[in-house]
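From first to last, the protein sequence lines are chains A and B.
Per my numbering, the very first residue in the first sequence carries number 1; after that it's consecutive.
Per my numbering, the very first residue in the second sequence carries number 1; after that it's consecutive.
Among the hints, erroneous ones may be present.
[To be verified] Computed list of lysine to any residue pairs in SDA-like fashion (alpha-carbon distance at most 20 Å, straight line):
(1) A:402 with B:105
(2) A:173 with A:225
(3) B:116 with A:327
(4) A:191 with A:357
(5) B:92 with B:111
(6) A:169 with B:112
(7) A:4 with A:94
(8) B:92 with A:57
(9) A:415 with B:50
(10) B:116 with A:225
(11) A:74 with B:80
(12) A:56 with B:118
(13) A:415 with B:82
(14) B:7 with A:56
(15) A:415 with B:111
(16) B:2 with B:82
(17) B:114 with A:415
[Claimed, not checked] Just the calculated beta-carbon pair ranges, DEER-fashion:
(18) A:170 with B:111: 47 to 53 Å
(19) A:395 with B:7: 42 to 48 Å
(20) B:111 with A:401: 26 to 32 Å
(21) B:12 with A:401: 43 to 49 Å
(22) A:120 with B:111: 30 to 36 Å
(23) B:12 with A:260: 53 to 59 Å
(24) B:91 with A:260: 54 to 60 Å
(25) A:267 with B:7: 33 to 39 Å
(26) B:143 with A:204: 37 to 43 Å
(27) A:267 with B:27: 46 to 52 Å
(28) B:142 with A:401: 47 to 53 Å
(29) A:395 with B:90: 34 to 40 Å
Worth flagging that the hints you see were computed from the coordinates, not collected in a lab.
Backbone N, C-alpha and C define an ideal beta-carbon position, used for all residues, glycine too.
What follows is the residue order along each chain.
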Amino acid sequence: MSDKRYDYVIVGNSTAAVAAVESLRTQDMEGTLAVISREPQAAYCAPLITYVLAGKIPEEQLAYRPADFYERMKVETLLGAEVTELRPEAHEVVLADGTTIGYGKLLLATGGTPIVPPLPGVDLAGVYTFTRYEDMCRVREYLEHRQVNEAVVVGGGMIGVKTAEALVKLGIKTTIVELLDRVLAQALDEKGSVAARRALADGGVRVVTSTGATGLGGSEVGVVGVQLDSGETLPAQLVIMAIGVRPNTTLAQAAGCAVKRGVIVNDHMQTSLPDVYAAGDVAEGYDVLLGESRPVAIWPSAYLQGQVAGANMAGSDTAYEGSVAMNSIQICGLPTISVGLTNAAPGDEVLESTSANGRDYRRIVIRDGKIVGAIFVGDIDRAGIITGLIRDAIDVSDFKHKLIGRDLGMLSLPKDYRLHQVMGPGIEV
Amino acid sequence: MKRIYAKEEHCIGCRLCEIYCILEHSGHQTLVKAFADEENRPEPACRVEEDGALSFALQCRHCEDAPCVAACIAGAMTRDPATGVVSHDKDKCVGCWSCVMMCPFGGIHIDIEKGKVVSKCDLCGGEDAPACVAHCPNEALIYE
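My request is simple: use the sequences and hints to build the entire structure.
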């Protein structure tokens with residue numbers, strides 16, 4: 001017999017968890033619902049910690065939902081409580097203090113864990129990852145106690161780039177060290193990446209590519225430099241490790257749940273364990289364009305998966321449409337959007353346009369008549385129209401050239417598809 | 001819920017919908033004052049697209065499964081489950097443009113300098129026909 005029992009238990013309290021609460025409550029306002037999270041604060045917008053560090057927004061603005069959210073949604077919160085074990089047969093989870101919490105349906109929305117490479121010196125003071133609120137607090141406190149003139153960010157992905165931008169705003173000379181030959185390589189093609197690098201340079205961020213960090217040097221006060229495989233050592237009193245995030249599958253794995261890179265789920269977000277669901281960065285979503293399941297650790301997918309999981313936990317029969325990898329990131333004032341497969345494979349058709357001043361760049365990758373990838377740099381207006389065409393797998397052969405210009409709009413689309421879109425389901429014309 | 005629908009075969013491209021959208025959200029009573037107050041003049045949430053004789057006006061569709069709400073990393077885009085209205089909170093917006101990436105209609109208008117979404121249809125808040133519909137001279141916009 002568990003110490004407490006709820007009809008629904010959600011482990012985790014970020015995007016997928018909140019979406020699950022919201023969709024679950026549209027179906028069932030009565031069932032008891034608990035959210036358990038290791039982090040003590042209410043749901044917050046994790047990507048905004050770089051904005052808070054840079055002083056661009058006040059800390060209060062991190063809140064993802066209004067203060068009365070849990071009360072309104074009739075959620076009992078167990079925040080600051082870590083789930084250490086999942087017992088699928090007993091239908092209960094165990095907290096670090098030994099308390100057992102029974103569930104009718106369980107959602108694992110435990111997110112991702114930043115990867116910390118096993119480099120010598122990685123445990124030195126002044127070396128952090130930067131994905132959670134507590135990371136930001138630690139970095140902020142560290143900056144109060146130690147004079148930091150130079151910082152190194154290891155990894156030139158989304159988190160690395162946004163963190164470097166924030167550090168520069170604080171007056172810290174910051175260098176991004178990227179192992180690949182360009183920044184944001186997962187999201188952007190070569191031209192987009194060059195534009196991003198230029199924006200970073202204009203914003204005061206130094207970038208070193210095709211270079212790995214081999215170790216960290218330290219003194220009694222903490223880290224003092226990063227050794228590179230080029231032989232060079234970059235002085236740094238602060239180092240951010242931003243090489244990536246992997247699904248936090250520990251709990252699921254120990255319970256005997258089927259796991260590959262992430263927790264394996266079906267299109268109803270059900271795991272291999274009865275009454276256990278998974279959503280968000282911890283889960284392997286079906287990637288529509290690649291035709292395979294893999295963790296697509298992006299915000300919109302986490303939300304949509306959480307929504308599907310919540311609805312199904314409450315008894316509805318909803319299928320997840322699948323993920324399309326996409327990112328929108330503004331780099332030192334330069335907006336960039338990338339959707340789908342942006343690096344063309346042999347046989348793909350590529351349409352590109354660049355504005356006269358060279359600032360705005362658009363790229364569309366077409367495979368078998370359908371758009372599979374798109375990049376917008378600078379002028380991103382109405383980029384979502386292309387996202388819609390990718391999602392709906394529309395054959396664009398007859399109007400593709402209308403999609404690359406700056407006058408992209410609903411008028412660029414054929415009449416029947418446009419009317420279907422604009423008039424909405426049920427009002428077919 | 002009631003939504004605004006555009007009838008492109010009726011639209012004459014007069015753009016009065018844009019103008020009355022501006023007036024409605026300007027805080028002024030008259031067009032003259034709304035347009036004289038350039039500094040505070042809002043951007044229209046309703047936009048006419050035009051290509052030769054073909055034109056129509058489009059604004060946020062207030063989708064039931066609004067992709068912009070799913071995508072918003074700042075909690076600025078929300079949908080009221082009771083009314084179905086999708087709202088944007090300018091104070092919470094950080095200008096990440098995830099909504100622009102997701103909106104399949106291009107219905108969200110941004111100002112990169114200001115770092116904010118600057119206009120998105122709010123259905124004029126009430127039960128009555130929104131300003132764009134009420135002032136369309138050719139019934140090319142309907143609210144039902």
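Violating hint indices (sorted, rising): Of the numbered hints, 10, 13, 14, 15, 17, 18, 19, 21, 22, 24, 26 and 28 do not hold.
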